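Engineer: Okay, here's what each chain looks like letter by letter:
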Amino acid sequence: MAKMTMVQAINLALQQEMTKDDRVVLLGEDIGRDGGVFRVTDGLIDRFGPQRVVDTPLAESAIVGMAIGMAVYGLHPVCEIQFSGFAYHTFHQLESHAARLRWRSQGRLSVPMVMRAPYGGGVRALEHHSESREAYWAHTPGLKTVIPSGPRNARALLAAAIRDPDPVIFYEAKGLYRAFREEVPEEEETLPIGRPQIVREGTDLTLIAYGAMVRPAMEAADLLQTEDGVETEVIDLLTLSPLDEALLLQSVTKTGRAVVIHEAPRSFGPGAEIVSRLMEGAFYHLEAPIARVTGYDLIIPLFSRERWYLPNARRIVDAARRTLSL
Amino acid sequence: MAKMTMVQAINLALQQEMTKDDRVVLLGEDIGRDGGVFRVTDGLIDRFGPQRVVDTPLAESAIVGMAIGMAVYGLHPVCEIQFSGFAYHTFHQLESHAARLRWRSQGRLSVPMVMRAPYGGGVRALEHHSESREAYWAHTPGLKTVIPSGPRNARALLAAAIRDPDPVIFYEAKGLYRAFREEVPEEEETLPIGRPQIVREGTDLTLIAYGAMVRPAMEAADLLQTEDGVETEVIDLLTLSPLDEALLLQSVTKTGRAVVIHEAPRSFGPGAEIVSRLMEGAFYHLEAPIARVTGYDLIIPLFSRERWYLPNARRIVDAARRTLSL
Amino acid sequence: MPRHDIEVADRLEYLSILDEDGRLDQPLEPQLSDDELKALYRAMLLGRRFDERMLDLQRQGRIGTFPPIKGQEASQIGAVFNLRPEDWFVPAFRETAAEIWRGRPLDSFLLYFNGYNEGAILPDHHKDLPIAIPVGSQVLHAAGLAWAASYRRTDEVVMTFFGDGATSQGDFHEGLNMAAVYQLPLIAVCQNNQWAISVPVEKQTHTPTLAQKAHAYGMPGIRVDGNDVLAVYAAAKEAVERARSGGGPTLIECVTYRLMMHTTADDPRRYRSEEEVDQWQRRDPIPRFAKYLLGKGTVGEALLEDIGNQVMQEIQAAVERAEERMKELGDPLDMFDHLYAEMPSSLRTQRSELERDVAAGDKEVSHG
Amino acid sequence: MPRHDIEVADRLEYLSILDEDGRLDQPLEPQLSDDELKALYRAMLLGRRFDERMLDLQRQGRIGTFPPIKGQEASQIGAVFNLRPEDWFVPAFRETAAEIWRGRPLDSFLLYFNGYNEGAILPDHHKDLPIAIPVGSQVLHAAGLAWAASYRRTDEVVMTFFGDGATSQGDFHEGLNMAAVYQLPLIAVCQNNQWAISVPVEKQTHTPTLAQKAHAYGMPGIRVDGNDVLAVYAAAKEAVERARSGGGPTLIECVTYRLMMHTTADDPRRYRSEEEVDQWQRRDPIPRFAKYLLGKGTVGEALLEDIGNQVMQEIQAAVERAEERMKELGDPLDMFDHLYAEMPSSLRTQRSELERDVAAGDKEVSHG
Ligand SMILES: Cc1ncc(C[n+]2csc(CCOP(=O)(O)OP(=O)(O)O)c2C)c(N)n1
Ligand SMILES: Cc1ncc(C[n+]2csc(CCOP(=O)(O)OP(=O)(O)O)c2C)c(N)n1
Ligand SMILES: [Mg+2]
Ligand SMILES: [Mg+2]
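Protein chains in written order, with this note's numbering: chain A, 1 to 326; chain B, 327 to 652; chain C, 653 to 1020; chain D, 1021 to 1388.
No lab work stands behind these hints: they were computed from the structure. Every value quoted in this text rests on a predicted model; they were computed, and no experiment measured them. Any given hint could be a false lead.
[As the list claims (entries may be wrong)] Below, in silico cross-link-like pairs of lysine to aspartate or glutamate (EDC-like), each with a Cα-Cα straight-line distance of 20 Å or less:
hint	chain 1	residue 1	chain 2	residue 2
1	C	Lys943	C	Asp687
2	D	Lys1383	A	Glu227
3	C	Lys722	C	Asp1009
4	C	Lys943	C	Asp673
5	C	Lys779	C	Glu808
6	C	Lys855	D	Asp1030
7	C	Lys1015	B	Asp644
8	D	Lys1316	D	Asp1025
9	D	Lys1058	D	Asp1298
10	D	Lys1347	D	Asp1041
11	D	Lys1311	D	Asp1045
12	C	Lys1015	B	Glu515
13	D	Lys1090	D	Glu1294
14	B	Lys346	B	Asp554
15	B	Lys580	B	Asp570
16	C	Lys979	B	Glu632
17	C	Lys889	C	Asp662
18	C	Lys855	B	Glu613
19	C	Lys948	C	Glu688
20	D	Lys1383	A	Asp318
21	D	Lys1223	C	Asp662
22	D	Lys1058	D	Asp1041
23	D	Lys1383	A	Asp46
24	D	Lys1257	C	Asp687
25	D	Lys1316	D	Glu1040
26	B	Lys346	B	Glu514
27	C	Lys1015	B	Asp372
28	A	Lys3	A	Asp42
29	C	Lys889	D	Glu1294
30	A	Lys3	A	Glu227
31	C	Lys722	C	Glu926
32	D	Lys1058	D	Asp1304
33	D	Lys1223	A	Asp46
34	C	Lys1015	B	Asp570
35	D	Lys1383	A	Glu183
36	D	Lys1058	D	Asp1326
37	D	Lys1257	D	Glu1056
38	D	Lys1347	A	Glu183
39	D	Lys1090	D	Asp1298
40	D	Lys1316	D	Asp1298
Generate the whole structure from the sequences, applying the supplied hints.
Structural biologist: This is the structure in structure tokens:
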């Protein structure tokens, strides 16, 4: 078991899936010789050649549109969109075709492809490079939206996504790419798509997060324990959509209180669905309204003000305390 | 006051705004000689000429992208996207530029444009012609999403949208285009953007809907009164985003129960935000969980099965009764 | 030379073989057997008659909106005639004749245009894609298939169709660029039928031809008389051979005409003249080809009539089959099938909701 | 003629005036006054020196990521030099020299690349657009501005810039098509700097030139030595005059080179050779133009040095101004400004939340 960054862990998943299965091919901008702007595909072109690690012209709709054709053919293309802020160009291809071809052909065709893209803030980037708009995909029937929160689950979920028979949007929190290392087993490992995890057990309050927000949620849980003696349960969604609320309901049924956390703008954001599922399934167990700690309904500001936009442990603790005081 | 269909009422708004203000120009596919595939722009090319009613080549990104340039110049372009199912092509232009140029230039520039598009089911159309995906826009900071529910408010809201200094997504329920007529005053009339309306007063239950769903909601309210003696309040959102929840909170504070209705897929859909706002603002007044009656998380089926997908009065009544029984 | 003209390396050609009156340019006549010639004719006629029948059915309210193909049969059949079953065919939405030639059952169209997803199911051996409605989007899928075919070192080629309007879309551009960059075995067939709904091709582009757009990608472009099945066949044959032998993609512009409405929801009298339609009516690809076949002695009048009758019977049988089939279809719960390989829990919950609703609806109907 | 080659009407030309060694093609020499020549030189040098200074600042952590322009000064200045203040300039993100020429204050770049939105505010008289990062997207805004200018019957022209990579994007295609269809006063300047991050232009397109893409739109295309400011000037002058007089759009390909990294986050040694960079270094537009000016007698060495000093002082003053300015900026609550003309109620609520959070954060800092 080696200690890896999330970048290395994702690289490992790609490497292993490609070694095992020649249907797996990568395509995207600058993923070859350059190894991707975040170096996620570093070294893969040397190992697998330019036939399987394909540098494309600068055209996102084409990357995804071609991947759809490749997937229908029987390959398992993994696209890299350089930043999720440029994934909007692919919207019509994903919504109108990737998400629909199985349905349109009534099961005759399928689109086993993955669209990987770095998302979210925290790296002092230029405009369009820090957005968190996973809700667009989550609201799109026919897609799956998977968001890992660290090296080990990133590796395991990406392997599962590549093997998945349906199109998967795989959002990688770029703030986590090199934020910390984790033991990642050399032997293959997958995690089921569609299954949230309890990452810390507690009885008084539930925090629900995913991606880069799991770490501040854990930090907040620590603070709540040491400063307030509150036992906080933390759930890492891992898959945003299709959302399986069973574990969330279980937790909130027990704790009666919850805070949902995401970087995305609040309104019509991912948290709203989680709140609604909890309202529908655990209403009579709720002792206080579920709070949302999220990005504001703004364009995420350029980096000098960014830290005031992104949720952090302090904001989560504040919301938790308010929830607990009700 | 003439009785008009929604198509005629929208046409009237365009006509009057164009007459008054030569900054208003229309562009889109087939909006000229053809008058638009739904005839919304019928006759306008004769009246205002091809310089102001511009048939474009078949390129949605270009329609919106050019409109952005035109708006920055100082015009008030009104784009027609032939069906909202083809609006995804414009996503990157709307998200990355229309919604941001005021912000990006810190108030120096603005993008006073409108993107009109027919959305929703009920007209036995082909694939991609019946979707209801307004949540994509509603989740996009910098845009306004307006959805009228009948001829008179369509006319008044469109006039307001055209005069609005910011980009407005104006979704027109195509099922309403010719569904009924309403008195529409000849003299100018606008309605404020961002202001929901109570369209029926009641004390026992609140139904929240917009667009084509207001009619089945009203029908359901009638049934609930005649069959169950329940006094139902119905709120027509009119503007989905920015969402002003004040009226909703007021109503639910009174009734304690609510059902939210939309055609869009349920998960991560518009209803989730409404539920969340009510949770946040009226939790202690809720006597039952808020229910959602919505499209399923599917591609809307081709028309032979479509009526089973779309919410109708029966489904709303069922949900209301369950809510009332809790 | 500091200031000079740049020559573009790739050729741009025009091709026509059989003129409006069925007169042949002998040296260019393709070498086709009698059986092949008859097959070409039969496929065009089947496309024509089926289209006419669909229009009748639509007018009777027995099917919904659909896009008629009348006038474009030669562009479609001349091109796909060059494909092998192992090749891929990626249509837009107005390639009924070509789809039938590729093996899509007639009844499937009727199901489809009657609002049954089941009509989009293609036969098991089929490698083709179902129709793509978002204009131009399918060009990228075709490029992806072609990329995969060359990755797998097969000699499959991919032929995609699109209209004149589609050439304005970004996806057309991106797809052709990709095909050229990777030298993919792609044949891009543009049916320039002069109109994109109400927009004439002159308002779609400032270029006198669509074929010249090939120069933007460094690939050969050819403009053919799209109502001349022999010219289309010959141009496509060259392109297919080039693609199959690793020579890369080709853009073919078939100059043709949409004789009917855009779809049955459209009224072309709003935007074009009867005279224009009449003019193109005279360039109808089918009588022209019949004249050629008769002149050549490949067929006699009797055989033509025979083919006509066969085609009508085939269509009639299909209509009956479809109408039978539709009686069995339409269970609303089926809408939950085939979105994902495995139904997620949230959809299982929603499916039960629909089940309950169907029960309530049934009750309402029986008690109401 | 049933089979024949089609001629493309629009011209495709190549232009160079001043070669790598500063030797002139006399007959093509543009008529520019001494003041104009000096202005050209000064603008290029200012762009160069400011870029170098930004790189220093970035390496010292005093600004964030930015895209250096070194080597592309002639392509930028030669082109925008033809614009009037009333014209519109629509940059991508690597047009620092051109933006400065157009009047964007130096300090605004430093604010911007230090993460302050305030750096994107352009002076009040400015009609230009701020930088556009999504590649190719701005071509459509330029087309829209040009449409508006012609709707208003002004003689304004619009000049937009983009890279070689941008030519693969759908928006480039759609924008140029629109410009040609409506014969808009648009000058589309492609800075072909050979690379789109790590992708060389040969992998971006199968065509030997980018200028020939003009043929897809029926507009003139010209390829110029983009490191030759006189050639760029002359080509742009023709295009601007054509556009201004109603002659429609032009595509100009400036063949140049990005001598530095893509952005300061990039490491070009991963994908290109030192030799290639060296080769292009020898074609540097600035020494070449200096040689020409010296040879012509427009300037002497002393004046060149003088200009150099002035430029350095201007830069130094701007750095100081920016660093002063930044001390005043950064109130987090400002992030709520300027999203909408009027702040909606939901944002007012969220703003109070941030206010509370800022207070809590301050407390944490002072107590923690
Ligand atoms: C992206 C997109 N925009 C708009 C439409 C609506 N629409 C359907 S067909 C059509 C015209 C297509 O013209 P062309 O490409 O020439 O094909 P034709 O219909 O002539 O076969 C339009 C605008 C669509 N289907 N897809
Ligand atoms: C739509 C989009 N995709 C990807 C990117 C990331 N990106 C920024 S610049 C660039 C390369 C641009 O190449 P080119 O157009 O040649 O311009 P240059 O950088 O050489 O000036 C890429 C891929 C982006 N900004 N926008
Ligand atoms: Mg057409
Ligand atoms: Mg470049």
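Engineer: Hints numbered earlier in the text: which of these fail when held up against the supplied structure?
Structural biologist: Numbers 3, 8, 9, 10, 12, 14, 18, 23, 24, 27, 29, 30, 34, 35, 38, 40, in rising order.
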